[in-house]
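Engineer: One-letter residues, chain by chain:
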Amino acid sequence: MTTANTDVVDVREDSRKAGRYVYVTAIVLLCAWVIVPLYFLLINTLSSPEAVNAYPKSFFPEFDLGSLTFFANFAGILTALKNSILVAAMTMVMSIAIGAPAGYALSRFEFRGKELFRLLILLTRAFPLPLLALPLAVLFIRTGIDDTVFGLALVHTTLAIPFAVLITFSLFSGIPLELEEAAWTLGCTRFTAFTKVILPLVLPGITASAIFAFVISWNEVFAAAVLTIENRTLTAFLLQNLDTSPLHLKFAGGFILVVPALIFIFAVRKYLFAMWGIANR
Amino acid sequence: MFLRLKIAGAASAFALCVGASAAQADVLFWSTQAKPVEEAQAMREQVLNGAGEVDYQPNDAGPWLTRLNAELQAGSGTIGVLGALHGDFSAMDPEDLADLDDLGIGASSDTFNDLAKLGTGSSQYIPWMQASYIMAANKKALEYLPEGADINSLTYDQLIEWSANVMEATGEAKFGFPAGPKGLKHRFFQGYLYPSYTNGVVRTFASDSAVTAWEKMKELWAVTNPGSTNFSFLQEQLLNEDVWIAFDHTSRLASAFNERPDDFVAFPAPAGPEGRGFMPVIAGVAIPRTAPDMEASKALVAHMLKPETQIATLKATNFFPVIDVELPSDLPPSVQAAGAAIATMSSSPDANPGLLPAGLGDKGGDFNRVYVDTFERIVLAGQPIEQVLEDQKRALERIMEETGAPCWAPDAPSEGACPVE
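Protein chains in written order, with our numbering: chain A, 1 to 281; chain B, 1001 to 1421.
FYI, nobody ran anything at the bench for these hints, they're computed from the structure. Note that the structure is a prediction, hence the values are computed from the model and not measured. We put the CB at the ideal spot given by N, CA and C, even for glycine. Hints should not be assumed to be uniformly reliable.
Distance condition first, Cα-Cα at most 25 Å in a straight line; then the derived DSS-like pairs of lysine-lysine [to be verified]:
1) A:Lys57 with B:Lys1140
2) B:Lys1393 with B:Lys1117
3) B:Lys1363 with B:Lys1182
4) A:Lys82 with A:Lys196
5) B:Lys1182 with B:Lys1298
6) A:Lys57 with B:Lys1139
Pulled a few chain A residues facing chain B out of the computed Cβ check, cut under 8 Å [claimed, not checked]:
7) Ala72
8) Phe74
9) Leu122
10) Thr124
11) Ala126
12) Pro128
13) Pro130
14) Ile141
15) Asp147
16) Phe222
17) Asn241
18) Asp243
19) Ile256
20) Val259
Residues of chain B clear of chain A, computed beta-carbon distances all greater than 10 Å [what the hints assert, rightly or not]:
21) Asp1055
22) Gly1062
23) Ala1074
24) Asn1113
25) Lys1216
26) Leu1239
27) Glu1390
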């Protein structure tokens, strides 16, 4: 009897242990999934061309700054970086400014054609940009917003809005209407109830959709390459030229493209974590 | 707090954006060539230095064409000068390009100048630079050359034997071929394999000698690094030694020679029963009809054809001059190696130079597709050669009939559309 009992306990403990192993392995794998490529990008960026082409690869960078120096002297790269940040920031602001009210309306009000509207919003992603770029460019040239940061941000906003609307829609739907009603009874107007009660609750979600908007804008090449000339974004400026460049410059260029995006995501990560209930403030 | 920050950010963004949109009077050089970052840098610093204010912007073919078409449709533009391959220009409507006859400049080759007329009576673009495809090998591979083979006059059979020897010795297939998504494999079939075996490209597409050519291609593929379907720039595989013997565009082999000049040799493409087929690559400069400042654009085009600019271009891009110039002795290793290989190739007694496909208009891509599909079906999928050639022949015939393009060398001239025999 007792042996049977300890057996059961053993089995339970074993399975708990096994579960832990699986859990830890999964976490390690997931981290490696993200970190290993970034780490290799870093080592190869800091390696001389010979080391980049050599095999097997070293696990430690040799701190050769040749590739990075090349880009530091590359004409126009700083302007392009500035443009990229501007376009991404404007895309973020505009897609939230347009997307969040739309998401709120979808979750709080009943109106005719609501389902159709939700579907239509996705349609902006249904057409590939190379198809849209030509008429857009013609229109932009005619209206005079061609080759401006604002014009490009408009296009990127269109791409980001579906995400902004759908994310904020599900966020607002997750907040009980009663909370708002309670605020109204305590003297809030519809607007102050929103800013005082709802907004703090959905801020993490809004951050998430802002990150989406940022990444969409940061990564977009085709429209940027067609719609801007003097005011190119970093991706349009570099990415097109990297695929035909030597390997060590590909790594360094990739690194330069990745780092600002990483810095941004780190800067807003505490808002993001709060979304999953782990407030990190 | 967060919201307020964002509003402030937006406001400053608008302010900066308004500031940045001030007009600039640079001539915009809109190019599909010299795209790699190092080449673009060299174009800006060396080649265009002294040409006035020029903004050099290299692009992928997609955005390049889309932007150009948008400006043409809108009727007003910012692009001053176009730089592209012959094939890019021939896909355009010649009406959209300014006639350049009044500049009175051109290449030293009349064939190139005729091509640049795009079937009209006057120059639509000015030949700018030229390149070709050659072979390159790691010196380690040389000891496995078949007995009696001269690297400067190899045949396809010797190349296959050589690659087989290397494979036997190292246990790995070390011949490399640009069959990747961005690789220029179609030019190998159109300008090298077909002319060498069939003395034609279109007429002889499905001939008996074409069957032999594809049989040889299969033999060659058997000793080719199977990773070749991912290779587009053989310089990378030469440098990391996945490949010891390679065929590619001169500018796509350049960094191998520049980084380790003592480790590699360049040599002519192999010969078949009908001679040593090879093909030039021509890039040109043109002016779209919407150029904002026609005079400045013409001045830039004229600048590109000056002897010293041509030499600077050679150093920057590994594309050779189209005019007669005295080459200096301090050229980079890649240029010296490729130049010697091309000279040997074109002056070899069995040389069989082909021309770029001409008169295909916007069907150029479809034309290339025929050859790539044929390769994929015969060599990669192992389908019967006669059957595939018979199928693809119909696609080729349709393209030739739709475009009415006459034959080009090495095919014999034709009246009207080039027939597929």
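Engineer: Confirm or reject each hint.
Structural biologist: Hints and how they fare:
1. A:Lys57 with B:Lys1140: Roughly 22 Å between the alpha carbons, so the hint for lysine 57 of chain A and lysine 1140 of chain B holds.
2. B:Lys1393 with B:Lys1117: Outside the cut-off at roughly 29 Å; violated.
3. B:Lys1363 with B:Lys1182: Holds, because 19 Å separates the two Cα atoms, which is no more than 25 Å.
4. A:Lys82 with A:Lys196: It is violated: about 34 Å lies between the C-alpha atoms, which goes past 25 Å.
5. B:Lys1182 with B:Lys1298: Violated - the C-alpha atoms of lysine 1298 of chain B and lysine 1182 of chain B are around 33 Å apart, more than 25 Å.
6. A:Lys57 with B:Lys1139: It holds: about 23 Å lies between the C-alpha atoms, which stays within 25 Å.
7. Ala72: This interface hint is violated because 12 Å lies over the 8 Å limit.
8. Phe74: holds, 6 Å
9. Leu122: At 24 Å from the nearest chain B Cβ, leucine 122 of chain A fails the 8 Å test, so the hint is violated.
10. Thr124: Hint on threonine 124 of chain A: violated, closest Cβ of chain B at ~19 Å, above 8 Å.
11. Ala126: violated, 19 Å
12. Pro128: With a closest approach of 11 Å, the proline 128 of chain A hint is violated.
13. Pro130: holds, 6 Å
14. Ile141: Hint on isoleucine 141 of chain A: holds, closest Cβ of chain B at ~4 Å, below 8 Å.
15. Asp147: holds, 7 Å
16. Phe222: holds, 6 Å
17. Asn241: holds, 5 Å
18. Asp243: It holds, given that the least Cβ distance between aspartate 243 of chain A and chain B is near 7 Å, below 8 Å.
19. Ile256: With a closest approach of 11 Å, the isoleucine 256 of chain A hint is violated.
20. Val259: violated, 17 Å
21. Asp1055: Violated, because the least Cβ-Cβ distance between aspartate 1055 of chain B and chain A comes to about 7 Å, which does not exceed 10 Å.
22. Gly1062: violated, 6 Å
23. Ala1074: violated, 4 Å
24. Asn1113: Its Cβ never comes within 10 Å of chain A, the nearest being 28 Å, so this holds.
25. Lys1216: The claim holds: lysine 1216 of chain B sits with its nearest Cβ about 30 Å from chain A, beyond 10 Å.
26. Leu1239: violated, 4 Å
27. Glu1390: holds, 34 Å
In this structure, the hints that do not hold are numbers 2, 4, 5, 7, 9, 10, 11, 12, 19, 20, 21, 22, 23, 26, in rising order.
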